[in-house]
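Whole structure, please, built from the sequences with the hints as guidance.
2 protein chains.
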Amino acid sequence: MYKMDRLDMFFKPRSIAIIGASSEEKKLGYAVLKNVIDGGYKGNIYPINPKADYILGYKCYKSVLDIPDDLDLVVFVIPSKFVNPVMRECAQKGVKGAIVITAGFKETGLEGAKLERELKEIVKSNNIRLVGPNVLGLIDTHNSINASFASFMPKKGNIGFISQSGAFATAIMDWAAANDIGFSKFISIGNKADVNEIDLLEVLKDDNDTDVILMYLESIDNGRAFMDIAYKTSKVKPIIVLKSGTTAAGAKAATSHTGSLAGSDQAYTSAFKQCGVIRASTVEDLFDLAIGFAYQPLLNGNNIAIITNAGGPGIMASDAIENFGLRLATLSNDTVEELRKNLPSAAAVYNPVDVLGDALADRYEFALSKVLRDENVDGAMVILTPQVYTQVNETAESIVKAKDPKKPIFSIFMGGKTISAATKYLMENSVPNYSFPERAGFVFKSMHDRRIWLNKPEPVYRKFDTKFELAEKSLRSEDRSRRPSLGDWEVREVFEGYGFTLPKTLLATTSLEASDFAEELGFPVVMKIASPDILHKTDVGGVKVGLRNKDEVIRAFDDIMISVRRYFPDAEIWGVSVQQMLPPGKDVIIGSVKDPQFGHMIMFGLGGIYVEVLKDVSFRIVPVSESDAMNMIREIKSFKLLSGARGEKGVDQNAIVDAILRVSNLVTDFPEIVELDINPLRVFEEGAVAIDMRLTVGGGTE
Amino acid sequence: MYKMDRLDMFFKPRSIAIIGASSEEKKLGYAVLKNVIDGGYKGNIYPINPKADYILGYKCYKSVLDIPDDLDLVVFVIPSKFVNPVMRECAQKGVKGAIVITAGFKETGLEGAKLERELKEIVKSNNIRLVGPNVLGLIDTHNSINASFASFMPKKGNIGFISQSGAFATAIMDWAAANDIGFSKFISIGNKADVNEIDLLEVLKDDNDTDVILMYLESIDNGRAFMDIAYKTSKVKPIIVLKSGTTAAGAKAATSHTGSLAGSDQAYTSAFKQCGVIRASTVEDLFDLAIGFAYQPLLNGNNIAIITNAGGPGIMASDAIENFGLRLATLSNDTVEELRKNLPSAAAVYNPVDVLGDALADRYEFALSKVLRDENVDGAMVILTPQVYTQVNETAESIVKAKDPKKPIFSIFMGGKTISAATKYLMENSVPNYSFPERAGFVFKSMHDRRIWLNKPEPVYRKFDTKFELAEKSLRSEDRSRRPSLGDWEVREVFEGYGFTLPKTLLATTSLEASDFAEELGFPVVMKIASPDILHKTDVGGVKVGLRNKDEVIRAFDDIMISVRRYFPDAEIWGVSVQQMLPPGKDVIIGSVKDPQFGHMIMFGLGGIYVEVLKDVSFRIVPVSESDAMNMIREIKSFKLLSGARGEKGVDQNAIVDAILRVSNLVTDFPEIVELDINPLRVFEEGAVAIDMRLTVGGGTE
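Chains A and B, in that order, are what the protein sequence lines are. Whatever position you read off the first sequence (first residue = 1), add 92 for my numbering. Whatever position you read off the second sequence (first residue = 1), add 92 for my numbering.
Hints are computed from structural coordinates only; laboratory data are not their basis. Hints are not guaranteed to be accurate.
It does not matter which identical chain is used: a pair holds within one copy or between any two.
What the hints assert, rightly or not - Using 20 Å as the maximum straight-line C-alpha spacing, the simulated SDA-like pairs for lysine to any residue come out as follows: (1) Lys707 <-> Phe416; (2) Lys248 <-> Lys509; (3) Lys247 <-> Val480; (4) Lys247 <-> Gly508; (5) Lys212 <-> Phe174; (6) Lys707 <-> Gly417; (7) Lys729 <-> Gly700; (8) Lys119 <-> Val480; (9) Lys509 <-> Met245; (10) Lys707 <-> Leu734; (11) Lys216 <-> Gln184.
Here it is as structure tokens:
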């Protein structure tokens, strides 16, 4: 029996109907039918149009219900108002997949959104998979499917492309055609009413025709599911994503430092990093990465050789390599000797290798093949400026001949008219040509990052013995809905429950009690207002530090009370907490905030101005693995202050890792936590103490 | 009489001789002669070749001495060993200018360097101006001069180009031809034995045919002279420079923080900023800026409008605008109304204006001209994706029609084959087409920066009453050559002489004297070893702070002596300085270091980890103007800490400006100062005190 894998109804349908097929050349219904035919589709093709008998030589039907055959796939090119009724007929017919090219749904406003909800219900309740609405269509070059209104069929190739914008997909296809770049599958997902980037990643992951996955996305609906499939896929083949809308300032009310630093784009950045997605910042990055990864083997190390026929561009390339954190390969003595023996005496035989302005193709070929055979070289850039003796086309051929299946080569032929045939030839023969050395450096860097990603061990998620009930009591107390912020004592219980070390603290309700407690804890002490209603205690005079005797404690108690009352006359006040004063250490901040797409993120930074003024912080999506926690610490700019700068001893980084992982566990166990700050966590040479914490919770426990 | 302006012998010669002219097509001597002829040169042309009678129809001479005519310009294409003898003949003949295309000089090693020195002497002592050696040649499209071996003459245009690399010049010319870009003058300067970028900037500044100056440089020999002419020129027309070799780590021995942070590239960055040079970081930047500035009027504000036929690319463009610090223009109500009335209801009539996927050329034209007429709009990006109904070529024509002489427009036609004729048409009609919205954003940003530069008032350099002699006594003491670093007391006199406030300090030679002095100054005090041989006092236990009574002072004196002796048994020790301890404030660092090309640079940053770990510093070349000093303070990331972050009061920024300007005066007056640090300068709400200073001087007083 015919078995259908996942989305095979789109890629291996046994029959296709085009609803709204037309014989008028200017109509989309004509373009789509013609594309299906010209695309070389082998199954049965059924134009649907109540007003025609035959279109383009194919018998036309008034309705899908009239087709004397099983129907796997239908393509809609009729006005939006007719889509839902016809979709019901398709359901009746037992159709398995539908592509709704038609626009006029969610993207146009409330009316369209209603239509789209209805459409979703119809397909869902009838087990029809739906691509669209509002799409360019879908192409599979290896299965000869072109169910789109694209103006031509792209070349067969190894790049799978998923685009949330149909117009952008058109531009990409046009660019690809001009640069001789081929695709395996090409899918426009539009409004994503059903099939989305997650479903398609699953398909492309296992698709033997696809070596590189390219995506243009404007939004991701289910961040966790995306990360999950992207993680699995990126271990098999590269995923390169251009995500637009990066600077759109989310109108998010932020009450914590973490919240105010975590723009919506931060979640995408962190998520992509954690699941191995290569992020293209610009369209240009997307193009350049696509051809680099699609055409060349991956870089194994970071040692790059440069071959050039001009000094200036050689310097530029060296600059680029250094700027991208790669290394100029040190050629082995053998290579240097060979080059010295065979190149003219004026040639530079160290890296960059300058074969000189009068180099013909054979000199390039010799130098490139020697350099590639050098085990100190992981990849090469070949630079050509079209000088008076330069054999532009022959040099392109030499480069193709010298190609190495294990080491990537990029060419940089600089110029315009003189080089255009050569660059076309290079691209046709899978040597990416970049117009500028910096672009090749950028792609090498991304390749090197991917190598590191592939070498990264599976993440380890640490579990802890926690007092879940203790935390739960505070977090899910009955009056929580009235008070989204937890009071000091409740917060203490949550963090104690999750294994944090807190400073010894006693809650005093009178000044005398405070002075007794201070004596018990030992001077000096810190005193803080204890109130569930006051978050920023320092700002309202609610904190006094370094109190050295009973008199100072008594005075501080009264001062705090007076000051706080002045700011918040109606606040619920539980008293003043008296806390042992800790020895100096490094103060860091660990926070968590909940992102609507990806869930909780954890932030790490050094306390005080590092976070507030310099915004020197790192983020990860929960759950955070051990290595991610360590990298969070290492990737902030002020890391040296923790590892021991200026003759100081370093602090206990493991204690920070431990704290990050405990927070990760805490917010995973209690998804209702909206924001959380430990500020500061004081870290010593050994161990760390959470001095001050804040925590707010949302609606329910989900 | 014929009067020759500056370098007119190159651009308006009355006669040209080609030394080494050849009739063999494969030789450079053929290419150059042919180029001179085909370039349309109107004066007399003289091939020089002892073995020929006529070449390309021109009478050939054995030597320049045989020419029966005055000779303004000679072009050398003979082997390097023959150049100098023939140059002597040229001198005898009274030649005014020479272009030595021949390579094989300084760039090949010691032997070649010797040849080049000789060549320099010949031309200098005979008043011959020399371009080269080792160049592609020189082209002036408006004066019909092509004295180069370029394979074709570039189109006439308004871009002047100066290149230190002949090969790169070739590539640029080829690229320009493919993109229909024209040049006014095109000069390859090679080894710069005589004529260099400074001479040519002088010419291009006043050249009416040149609107934009492009340069590719690998080095600048005389930084000050460059800044001087570049400043004057950049006030008249944009100078865009690609300077390669940016990351080459100079092997500079740095003894100060300033020195270690001032890489050689820092001087270029600062110099370019101070003289209005627009720096291209990559070849791509150079290209994109060239066409933007050459083809379009300058941006007057930073409000950019976007017109697009697709949502996705519109988002990308908005992102780019925001990322480059520009603003999405807020369209006026009138414009919005007009657009609403005339565009389909689904169109987006706010910025970005989405004319929809089915937009024909007329809809683009309507929207673009309306938007350009809006006074809230300073410039526009027009994005086109080639969709099924899109009129690609007609839309290009519409854009050209809608052009505004006062507001820049860039087009972003995305794709490949489908758009290539249209983008060619746009370029021919002076509308720069960029492949990606980010590139247009980048050029708009550079235009906006240039507008700010043009609006900047003339710099004001503050002068101070200084005690020059007091400083001179310390800086130029007789034994200075033995001790490049000044001792504490000498340094104090220098800074006191230049009007800095220093903490009260007394030099004690015994512990008892120290304790008396401490009492005199008032406790607490700071004590520091006083020795001309010890720079990093803290590292050797040479500093004690917060000494609160006589006992502590006495103990500190002994501890310091013992500790220092252990590290430096042979150091010259003058005693221990006892210093009043200052109230807290913000500690900043001001330093100066001497760059070989540009002279003294001044650095500013916040003290401690901000400089050492975060490297958050700003630089300027001396002399520093008042506004530059203020900008140095404002452009560091931690500026907020000075202006009053987290509820603190700000500190006295004028006192910092004052200190920067005094340092600028100091190093200008004493060019022998190699490095200098004030670390820290403690700044209060009012005033600032220089607490610790270091200073080293070099060889002579120059």
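Against the structure, the hints:
| no. | hint | result |
| --- | --- | --- |
| 1 | Lys707 <-> Phe416 | between (23 Å within a copy, 19 Å between copies) |
| 2 | Lys248 <-> Lys509 | between (27 Å within a copy, 17 Å between copies) |
| 3 | Lys247 <-> Val480 | between (36 Å within a copy, 19 Å between copies) |
| 4 | Lys247 <-> Gly508 | between (25 Å within a copy, 14 Å between copies) |
| 5 | Lys212 <-> Phe174 | within (15 Å within a copy, 84 Å between copies) |
| 6 | Lys707 <-> Gly417 | between (23 Å within a copy, 18 Å between copies) |
| 7 | Lys729 <-> Gly700 | both (15 Å within a copy, 15 Å between copies) |
| 8 | Lys119 <-> Val480 | between (52 Å within a copy, 10 Å between copies) |
| 9 | Lys509 <-> Met245 | between (27 Å within a copy, 13 Å between copies) |
| 10 | Lys707 <-> Leu734 | both (17 Å within a copy, 16 Å between copies) |
| 11 | Lys216 <-> Gln184 | within (13 Å within a copy, 95 Å between copies) |
Of the numbered hints stated above, none is contradicted by the structure.
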